[in-house]
Structure formats: C-alpha cells, structure tokens
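Could you fit the two chains together into a complex? Lean on the hints.
Heads up: the protein sequence lines correspond to chains A and B, in order.
The first sequence maps to residues 1 to 80 in this note's numbering.
The second sequence maps to residues 1001 to 1717 in this note's numbering.
Simulated from the structure, these hints should not be mistaken for lab results.
Beta carbons are placed, not taken as given, at the ideal position from N, Cα and C, and that holds for glycine.
Derived Cβ-Cβ restraints for the label pairs, each shown as a range: (1) A:G21 x B:F1394: 20 to 26 Å; (2) B:M1226 x A:S16: 36 to 42 Å; (3) B:E1123 x A:D67: 36 to 42 Å; (4) B:E1237 x A:D67: 24 to 30 Å; (5) B:V1355 x A:D67: 52 to 58 Å; (6) A:S64 x B:R1652: 55 to 61 Å; (7) B:Q1709 x A:M1: 55 to 61 Å; (8) B:R1028 x A:S16: 48 to 54 Å; (9) A:D67 x B:I1045: 47 to 53 Å.
Not everything, but these chain A residues come out facing chain B in the computed CB check (under 10 Å): (10) I17; (11) G20; (12) L23; (13) E29; (14) M30; (15) L32; (16) G35; (17) T36; (18) T41; (19) G42; (20) A44; (21) Y47; (22) D48; (23) G56; (24) T60; (25) E65.
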Amino acid sequence: MNLRNMQTGQSGIIASIKIGGSLGLRIREMGLVPGTEITVTGRAPLYDPVKLRLHGQTLTLRNSEADHIEVETDPAEGKY
Amino acid sequence: MAEAVHIALAGNPNAGKTTLFNYLTGARQHVGNYPGVTVEKKEGISHHKGQDFRVVDLPGTYSLTAYSVEELVARDYLVNEQPDVVVNIVDASNLERNLYLSCQFLELGVPLVIALNMIDVAEKRGIRIDTEKLSQLTGVPILPIVARNGKGVEELLKTVQTLRNAPPPPRTLIRYGADIDEALRELVPSIKEHKLLAGIYPPSWTALKILENDEQIVAKVMLENMVVGQQLIDRSESLARHLQDTIEAYPETVIADHRYGFIRSILRQGEVTRMSDQDRLYASDQIDKVVTNRVAGPLLMAAVLLGLYSFTFNWSGFMVDWMSLLFEMLGNLTEAILPDGPIKSMIISGVIDGVGGVLGFVPIIMFMFFGIAVLEDSGYLARVAFMMDRIFHFFGLHGSSVMPFIISGGIAGGCAVPGVLAARTLRSPKERMATLLTVPFMNCGAKLPVLTLIIAAFFPAHQAKYMFLATLVTWLVALMAAKFLRMTLLRGESTPFVMELPPYRMPTAKGLLIHTWERTWQYIKKAGTVILGISILLWAMMTYPGLPADEVAEFEAMRQQAVAVSAEEEALLRIDGLQAEAGLRHSLAGHIGMALEPVTHFAGFDWRTNIALVGGFAAKEVIVSTLGTAYSLGEVDPKKTTSLKDRLANDRHWNPIAALAFLFFIMFYSPCFVTVIAIAKEAGSWKWAFFSMGFNTLFAFSMAVGIFQLGSLLGVG
Chain A
1 MNLRNMQTGQ
11 SGIIASIKIG
21 GSLGLRIREM
31 GLVPGTEITV
41 TGRAPLYDPV
51 KLRLHGQTLT
61 LRNSEADHIE
71 VETDPAEGKY
Chain B
1001 MAEAVHIALA
1011 GNPNAGKTTL
1021 FNYLTGARQH
1031 VGNYPGVTVE
1041 KKEGISHHKG
1051 QDFRVVDLPG
1061 TYSLTAYSVE
1071 ELVARDYLVN
1081 EQPDVVVNIV
1091 DASNLERNLY
1101 LSCQFLELGV
1111 PLVIALNMID
1121 VAEKRGIRID
1131 TEKLSQLTGV
1141 PILPIVARNG
1151 KGVEELLKTV
1161 QTLRNAPPPP
1171 RTLIRYGADI
1181 DEALRELVPS
1191 IKEHKLLAGI
1201 YPPSWTALKI
1211 LENDEQIVAK
1221 VMLENMVVGQ
1231 QLIDRSESLA
1241 RHLQDTIEAY
1251 PETVIADHRY
1261 GFIRSILRQG
1271 EVTRMSDQDR
1281 LYASDQIDKV
1291 VTNRVAGPLL
1301 MAAVLLGLYS
1311 FTFNWSGFMV
1321 DWMSLLFEML
1331 GNLTEAILPD
1341 GPIKSMIISG
1351 VIDGVGGVLG
1361 FVPIIMFMFF
1371 GIAVLEDSGY
1381 LARVAFMMDR
1391 IFHFFGLHGS
1401 SVMPFIISGG
1411 IAGGCAVPGV
1421 LAARTLRSPK
1431 ERMATLLTVP
1441 FMNCGAKLPV
1451 LTLIIAAFFP
1461 AHQAKYMFLA
1471 TLVTWLVALM
1481 AAKFLRMTLL
1491 RGESTPFVME
1501 LPPYRMPTAK
1511 GLLIHTWERT
1521 WQYIKKAGTV
1531 ILGISILLWA
1541 MMTYPGLPAD
1551 EVAEFEAMRQ
1561 QAVAVSAEEE
1571 ALLRIDGLQA
1581 EAGLRHSLAG
1591 HIGMALEPVT
1601 HFAGFDWRTN
1611 IALVGGFAAK
1621 EVIVSTLGTA
1631 YSLGEVDPKK
1641 TTSLKDRLAN
1651 DRHWNPIAAL
1661 AFLFFIMFYS
1671 PCFVTVIAIA
1681 KEAGSWKWAF
1691 FSMGFNTLFA
1701 FSMAVGIFQL
1711 GSLLGVG
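Extracted from the complex, chain B is given alone in its bound form (with noise of 0.2 Å):
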C-alpha cells in the first residue's frame, strides 16, 4: 500500500471544516495538544479505495497573522510539517471573506485545494458559481462538496491525491498597489542574497510579513542576521510613514484590503451571482428578533442557562450515584477482605477515594461538554457571548465567559472542574486565563455542606437569606477578582468582539458525541494519575505518623474501664471519637495545623479548623467529615450534621464573627486539588495553577481576617 497522504484542513470557523474531518475519520481521531500550546491538536486515518489518508484538522483561523495562538498554530503546522495538501474548506455561501485565507495559503506557496462547502444551501439560495473559472484565475483546484452527508469528497479525495502526485501550478500573483509592491521589490531580492529564512518560507512571503510587521517573522530574521534585519525593519518603516502622510493608513491594512480587492474581482470574473442573497440568514433573523430582544433575550438566556445548569448536575446525578454505589461497594469489598492496618486505610482512602473522586466527577464534565457542544454547535453560544458582553467586558473578561461560571456555581451547587473546562471556548489567552482563576470562588456543590452547617450552627434564624448572600458575594467577589488581575498580570487589550453570528444550525448528532467523548477522556487521562497521587499523599498527611504507643495504650485503658463500669456502646463511642481526634492531632496535618495557629487565630481560626481546612483542599466535603474528627465526633456522615452543629455552636472558640471569617474563607480559599490539575492542564503551565492556590488562599485569608478582627472590635457576637 503506497505511503499515507498527509492532509491539513483548514478553513474559516463554521465553515464545516470539522463536520468534513468527522465525515472522513469517524471515531479513528486522536486528541491532543500542538506543542507548546493548549490549542487542541486532531488527527485521523481515513481510507478510500486502498489509500490511507492521514488528515489533521487545524485550527479554525480566519487569517495567518500572528496576532492569535491558533493562526500562530496554523501557520506553523504548514511550514513545519509540510503536509502534502492543504484542504481550505470554503462556505459556499460567503466566499468573500472565506477566500480571504485563501489567499494567504496561496502567499504562503503550500499545495492547495478548495473545497467549497455547502454548496447545496448556495445553490438554493440563488448563488451560482463557476468553479472551473474561479479555478483558473487562482490556479487552485476548487471542488464544490456537502460535507455534512459527503457528497463531492470523493471527488475531493481524488484530487487530493492527484496534487500530491503532480507538481502544483505556478502561483497567481496578488498586486498590493504601488507602494506596497515598490517596497516588496526592494526587499525579496536581499532576503533571497543574504538567505533568510531559505527554505522554510517563500521570500515573497517572508518580505510582506515583514512590511505587515509580523512579530515572529521579525524576531525569527533579526535573530538570523541582525544587521541586514534592521535594514529591513528601516524600510518597512519608511513605507509606514509614507502610507501614513499620504493615505492615512497602515502597511498591514492596505495589504489586507488589497486581498479583498484581488477576491473581489475573481468573483466578479467567476460569474457568483446573487438572486436572494439575503435569504440564507432569514429564518436567523426571525429567531434572533427574539433571542436577541433586549426584554425576551435575557430572560430566553436565563432559562437556557438554568436548563444546561439542570442537565449537567440533575441528569447526570443517576450517574453519579451509580458511582458512588460502585465505590462505596468497592470500599465495603476492600474492608472485608484485607486485614486491618495501614494498608487497608491506604487502599479505601488514598486510592479508591482517589479513583472515585477522579470518576466521579466523569458524569458531570460527559454531561457539561455534551450541553455545550449542543449551544456553541446551534449556534446559540454566540448570542449569549453578543448579549452579556457589555457586563463581562467591564470586568475585563468576554460574554462567552457566562458559561464557566454558570458551571462553577454562579447558581449555587455547581462544579469548578467542568467550569474551568468550559472557558476552553474563550479565544483569547488572557481573558480565558482570567476566566478560569476566577471560576472557582463560586459556591461549588462541596461548599455547600459547609456553609449550610455553619449557618445553621450560627445563623438559623435566617438561613435561606446567608445562602443567598452567599451567592451574591461570590459573583461579586469572582468579578472584581477578574478585573484586578486584567490589570495587573494579565494586563492587555481585550479581544477584539469583531465575531461573527453564525446562522443557526442543528447540530450533528456524530459531532456531538465525538466532541463530548474526546473532551470527556482527555480529562481523564491527564487528571487521573495526577489526582490519586495527591489523593494518596493527603490520606498519608492526615494519617502519619500516628499515635505514640503510650497514647493507644491510655485509650485502651479508659476501654477496658468502661466496659468494667457499664458497657454502654455510647462511652465506647466516645472514647473512639477521642483516639481519632487525638490521632488526627498528631498526624502531619495536624502538625500543620497548630503550626498555622500563630497566624490563623487572627482569622479566628484554631487547630481544628485549620486541619479541616487542609483537608478541604482535598474536597471542600472534607471540611465536615474533618471537623466531625477534629472535635472528636468521630465519623461525621456531611448530609447528618446536627451533632457537630451542637458542638460548634457551643465551643468557646466559635460565635458568629469567627463563623463569618470562616465562611468567607471557605467560600474563597485554594481551589480543591481536582480544579488546581484542570487550571494546570488548562492554563498549559503549573505556575499559574500554584498562582490560584496562592492568590485564592491569601485573598480568602486576608478577608476572614479583616472580618474576625473588625467583629471582634466592635464587639458583636
């Protein structure tokens, strides 16, 4: 069998470009990430009539400049990987700004294809092409196909194929106007002397990437040869001044509207004609007068956003206790088998807690990524974007930025796992980065076992108002959080909100499972090892080193006594609770926790608490099952918290001031480990998951103490 032909596909967002790729490799794709960079990488084998296509689909881009990751992505895949075809997927039906990519792949030289897409949706609404003319004046071949069912891929294939086989056809020339082509001509011929960049790109291309003032060009000449790079810098600069004194206008964008001038008159030469142009966005236009309304829109929001909140954690919930029944069974199994000892604590609690904790969080993020493929695939996702963004702007972040939150618990009871995982959607680095370290002070559904504990323990008389406040501070808080780190480590320019509205579409039901798998088992692979690691290292911290010999052999005297006295299964009990509290005391967590206590009883805080508070950062769960052996209740089921209740509401060390403190460091402290490995795997780097737990955490703290302090001095409570 003759070797693989290596296909790229590219093309415009909402071209069909992915529908192509899922027509041609169906469930034989691999996900991963291009080097370097969170952009995800796809690839797959397709095979046709004895021939093996390997075809990766790049990003959807909708130019080559430098200005974004993904056409950075793009652009470097083609020079660096020289696939032996590019396939350009075109929409039929705005070709205009589709062939605007175009022509930069024909700048770039690469071996090209046009495939025009949806031409069964142009050619009812009037459009006419002549694809062998237009084929002619750009030197491509051009193909029209229907990637949703496949029609024309066929043929596409066996073009394909043939341009692999032959060598392509001399390039059409695109005129930039005098300057512009003036200036190209003084440049091509010294970086053709003096070699720059030989072989990688075409001079021609190197030349006006330069007079576009492409940074990584720039730096990658500069780098190469300083001198004769500033020589071209100089005139590329000269040109600036020039276009400015006389037109008023920038190198790169008279470069840009000549390309459109260079479409423009091939399609006026390929016979497009439009008899009902405006028809294709018509039934768009009838829905989008009502999803965008200014009264009807924001409410038709609510209620889809309540919806995919509801369907992510309510539908998904049959599955989640199917999990915890198979873990529980799991545990219960693991009990009854292995002898008691370090081992078996090991085994429940560190691995299959650990693996629990990694799958049980599966349901939700399958259901979450399912609900969004459907908005961002209809459609739908835009218009949330175009309706919140006023808002979301302000803060720094962008109106797709609802939907991460929404997730984390911007209704409370939410997750910020699959929060984090949502602001993938988000294109700009800064804004999503500021996205995702925000997302996780929403009240996630493991806060809430805990505040509603301390509410009810400090505040029962109005319980329904805390957890609403609580809510409300926590958007509050997430925003103004945003804000502050827009200006000042992700201080920059937002992206630009030129986007477009794509028509509504129904999704497919191939693309949406496609995309809801591959995204579900990333999360899975990558987090998965990463998690019980840690899951195992808090289980040794909250275990190790244990009791001293002399300490169990007091505990076991006080039984003995207790069974001589009464024999009560309560006292029996009791002094278990005591041994816990005692062992937990003595744990490596424990040692931390009354090494904190210097500190922390400015917040209010004592040994216990901060104990809790470690182990919180295990699963904010944790907090109660950990307070329950910290003051010696022994094991606290978190839905059964009327005993620790009591208990808090009558220790000396708790009133409502310090119970204030502690809720707002709970609802604001490091992220659980789970949400630190998705802010790593999303944010691409470590340092930034360290960041949200140190920033969280002393945000959190400096709150709780400003408020132990300020209440203590006032003397409420």
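Excised from the complex, chain A in its bound form (with noise of 0.2 Å):
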C-alpha cells in the first residue's frame, strides 16, 4: 500500500522507497529506511502534510513525498 493511502492509526513496515536524490537521501536520513514500521499518527488541517511515528520520534512528509514509499500494512487499529 502506499503511504499516502494509509488511514490514520494505521501500521505497517516500510517495503520499499524509490525515490534517489536529495529528496531519497532525505527520507532515509530522517530513519525511514525500508525494514522500519511506522504508523500514521495524523494529517494537518488541509489533509497535508501527514504525520508518522516511528520508534524514537514523530515525522511528517508532505503527500507528494509520501508517494515514494511503500508500506506492508496491519489493519488500521485506534492506536490513537
């Protein structure tokens, strides 16, 4: 599933991200890497950018970033 698509509350591990470049280089560096699971913690006013968790910190990416990475999902839980 992609990223962009997941509801909030819901899980997953990152499968894959293909983007390079600057903006693959700055994902990877923020620690989302493929392997990490992530959950979707929340969505700005406007329904972007979106908000993830990850063990040790909060992230958020713009929709059109989030399009680069895939997720293995869970069903959506109410995590939160």
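Below, the structure is given as structure tokens:
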C-alpha cells in the first residue's frame, strides 16, 4: 500500500522507497528506511502533510513525498 | 597551561547539542558567520581542571551530504579546521537515526567521541544501553551524559583529553553490499595512485562520495584531474545503471540503507531493549491531539501568533517609549547647547535620529527573538509549519514562513526588520530568500500613519473597511510575489518536508536568554554603522544645497512686513512653512523629486509626493512629516495630521483615484533602509538588498500607474 493511502491509526512496515537524489537521501536520513515500522498518527488540517510515528520520533511528510513510499500494512487500529 | 583542546560539537537537531554548548561555555560565547554563508558559527571557551577547551557548535545536521548549506559547512569545518576531537551528541532515545550521522563521521575518519545524551530520559522509558559494548563495536568512546544538568560531562571532557593525546584506534569498516563494495575496490586504488584530494579526505571517503554523486567532491576531483576524474565518474554511472537494472535503486540510497544495516546490527548486539518505547512521545501525542487538531489547531495557532505579536510589539512598547524619550532628551540637549547651523542640524536630524533609528528597533527585536525562541525551543514552531505548509507551499514557501509574515505586519502594525530577521528559522535558502524579499510588503507600523492619513482624507466614510482591505491586499500581493519569485529568479525544488516534530520540551531560561542576546547584538553591531551613514546621507539630501541667498532675503523681507502690519504669530508660522517648503524644493531630494515628475505624473504624483517618498526610504513615518513640509505646513506631527489631511483633500492635484494610487505605492515600494540592510545581512549579499529596492519599487509604481490611468479613464473621482 502506498503511504499516501494509509489511514490515521494504521501501522505497517516500509517495504521500499523508490526515490533517489536529495529527497531519497533526506527521507532515509530521517530514519525512514525499508524494514522500519511506522504508524500514521495524524494529518494536517488541510490533509497535507501527514504525521508518522516510528520508534523514538514523530515525522511529517508531504503527500507528494509519501507517494514514493510503499508500506506492508496491518489493518487499521485505533491506536491514536 | 597546555594549549586549548579544540572540540567540534556535532549532532542532530533536538539532540541537545546547543544545551551542551551552553552548559560548557555559558556566556563566554562568540557568534559570527561561517565564511561565505549565512550559517551561524558559535564558538566559546570552557575551563576544566586547568585545561582550556575551545568549543565550536557546528550546525545541527542529520547527515553530511552536500544537499544543504548547513551540512556542507559542518563537513568543510571538520576537514579544513581539523578539530582535535569531534563530540557527536546522540539522543539516547532515538539511537538509530542519530547514529546515521555518527556513521558518516566514522567514514570521514575524524577523532570521534559519542556523547549519549538524555540518558536519564531513556532509562526512565525502559531503554537500556550497553555503552561499552557499543563502543567496542564502533571503535569509538561512548559516554552517557545529561547535558541539561551537566551529568557525565566531566567524564566526557576527560575522554576528550585522552583521545586528543592518543592516536585513534582503527576504524570499523562499514560494508555497503557487493555492488558498491566492488566499485569502491576499483575507485580507491585509482584515487590513491593519483593522490586525488590527498591529505584532505581519506581515499575511501572520496570514492564513496563519487558513488553518491556528491556535487562538491565531484567538482573538486574534476578540478584536480579531469581525465582520471572522468574515469571515476564513468564507473560511478556504470554502477548506477547496474543498480537501476537489477534492483531499481540508486547508489546513494543503497549506501544509506547499508549504513542503517550497520547501525541495526550493532544495536542488536548492544543489547538495547525497549520495554515501553512509546512512552517518550506519549505526552506530546496527547498535546498534539489538540494542537494539530483539524479545528482546534488553527484556532490555537491564531491565538499563539496573536500572542507572539502582542508580546513583540505591546510588551516592548514601554522600552521603545524609553528609547524615544531618551533620544528626544538628547535632541533637546543638543538643541540647547549648539549654535544654529548645519552642524547642529546634522547632529540632531542625521546622527541622533539615525542612532535612534537603530536603537529604537532593539526592544522590538529582543522581544521578538525571545518569543520565537520560546516557540522554537518548545517544539511548537514545528507544529505551525506542519499546519501551514499546504497553503504556503502552494506559493513556493514553507510552513514556517508564517512567522516572518506575521511579525512584519500580517496583522497590521508589525515591523519588517524583525520579520526579515525571523526568516532565519527557514532552512531552505530559496524559500528563505522568497520569504525575506516579500515580507516587506506587509503593512508595518510605520506605514499605518500614512495609510490612515490618506484614507481619512479621501475615504472618510469607510476608514475601517479600507484599512482591512489594505491588510488583505498586502497578504495577497506578498504571497503572489513569492510565487512569482520562486517560479523565476528563485526557481528550484522545494525543501522536502520530511521533518521531525520534536517532543515538547520546556525551554531552558539560559538557552532563551543566550539566543535572544546573541541575535540582538548581531543586529546592533552589523546594522548600526551602515544605518548611521545612510541616515546622515538622507539628512544631507533633504538639506543641501539649501535656499539661495536672495530667496532667504525675500522671506526675511516678508517677515519684516508681517511684523510691521500685525505681528500675528500665525502669519509668521505661515512664512516659516513657506520657507521650509522652498528649502526642501531646492534640496537634492527636491531636485530628484522634480526630476522624477515626468515619470511619476503617470501615477498621479507631483514633486511634493516624490520628495516625501524619497524621505520615506529612511522610514515610512517620514512621509507624513515630509508631506507636511512640502505643503508648507511646517512641522507636522505624524499623529496630529488634521491640517495636512484637510490640505490634501482640498488640493487639486489630489482626488480619490490619485489617493488610491498613492496608497498602493506606499504599501509596496522599496522597504525602508533599515529593512534593506537587514535583508542584505540575512541574504548574505547586497545584490538581493538592491534587488528588493528595485523590484518592489517597480512593482509598486506599475500598480500605481495602472490604478491612476484606469481610474482617470473611467472618470471616477
């Protein structure tokens, strides 16, 4: 599933990140790497950017950035 | 005493690096810029058991790539200045991401100590870290500390001294996978053989950077040996094609993924356990349910921004008043002591008013920096950026741009000087530039008296509505101008919004005060001398060459006649006003004003308006007082403009259309020179400051001409 389509409260493990260059590196520098478990914890008032939890930190990404990230997902849960 | 130990502090943002820096150096800090860039360089001295430590606080970075100026600055500092030891502050509760930067220090081969910070917070959350095990696995000393209260710092400094006096142990070698490793095995011998960038970077690091397509390093290699450089690049491109064909990946991302693989393997062996990993962010999450809520979030943000605005301008009001009173007293004293003449006039209007102009901004700037530091250090500013990004990103800006706009007059009555300085919270150079070039469009407090005067004179029935429209128009124009700039001169990709929302933290009083003072002092020191010079220049332009002797004689004769006839005070004041008007017309500014008339009459301006606008470059308030002089009303207090209002309303050159054109010009033309200097300082070049003057004035003039010509054509007013 593409990260953009995940629902608030939904968790998953990053399967792949198909972008190189500065954005690809920036995404990884922030800890978003294949194999990392993430949870969508919220969206901005205008539904862009999205807020993610991964161990030890909360990150934000624009939808246009989330588009490059594929996630193996669990069913949506009411964690948040 | 032994020579000072040179320490470079490095780490991720929010890992506690600056807290440690403040703890070590206290007030003994020096702030400047790194050469050639506008990234702050903070340096200080620490004493410990008879040993001096020279501590440099590098910019906070997540890595050492060449994609941002901060990262380049941090990297180049390590290579060029070769500190004795790099102390890498790592957030103990977010090891994986923080150690990514540590990997890059390992690759670069610098003497390294890792300070595991906030170890107390981590332990409370059930995270146990075997620092000795991690140290063995990485080959780097790792020490737990709590920068906030200094726990563990003494041991850290002892380790720094030990490391400085002993050669660093062999580096742990990271593996990047078969394809990358094979390419490295081909590149490294060639780099060694041809001594490319020898003595500066380790050959393996140079090879890695070429494979990552690092622009700075590739350029340096090509400059040194174009033939061999091209061969290395060809091999790198061959690798890129291979990776794309086999696993649809890029070399730089494969390398990054393998750095994380290395980190994960050592963390598994370091017996890190997470019994309740979520708890660290639990409180922040609960707060964010309200703070970033779809409905409550924007409302709360509006309240916070209004609070920051009130704090900046209202709470600093008493200090601004003190400054005004002080300089007024100084002016009065000079008035009483010195004989009449040009020296007195220059000292009062040029020097004292000029210095007052600099110092008059200081209270506002101090309060603004303090307020922003609270929002930034607490973590709330990141939430503002998160909520505002959708809108601001559309205009080529960043969510954080909202702060400079508000400060500059997004709520009418701000000030562009602190607004421009506030733009430094923006990380991307292009977004920061677009922000600081457009915030001067906001209606600052100095524009308000002019707007009020004109609206009261020509649109008296709808004053509140027009003032509101003025604010709305400036927002629209500023945002559209930002988009225009980002599509033309400042074209380029937006900064990725992959950004941390830090956990909420109580800012430290020490950090806030140091932040506030260092930023304010930079403004005073760097802006002061230039502003004083320009202030004197503007005074001279509006004073010289002065009235010819025969005209002075004429006015004197008029006075004699007035005294002989009735000795009315009012008549004498009228003659004084006429003389001041004539003097202004004969000044250099007056000549400029008259010379511009052939152009400006298309916008409905005459020489009086032109002179006022030239004077308005000094400070927008001057427009009112200069108009008063130009209309022979003598001294006009900007706050008591009834007579000037009536005079303008009855003048045949003015009508509602001319007034509207004038209003638009006032709102958008060149920023005042204090703002221009702030822009030059923040942009790092005068080119952009002059561009701001030219672009804004041309834009404002085009609008004014359009309004005046169209309005006149339609026969309105």
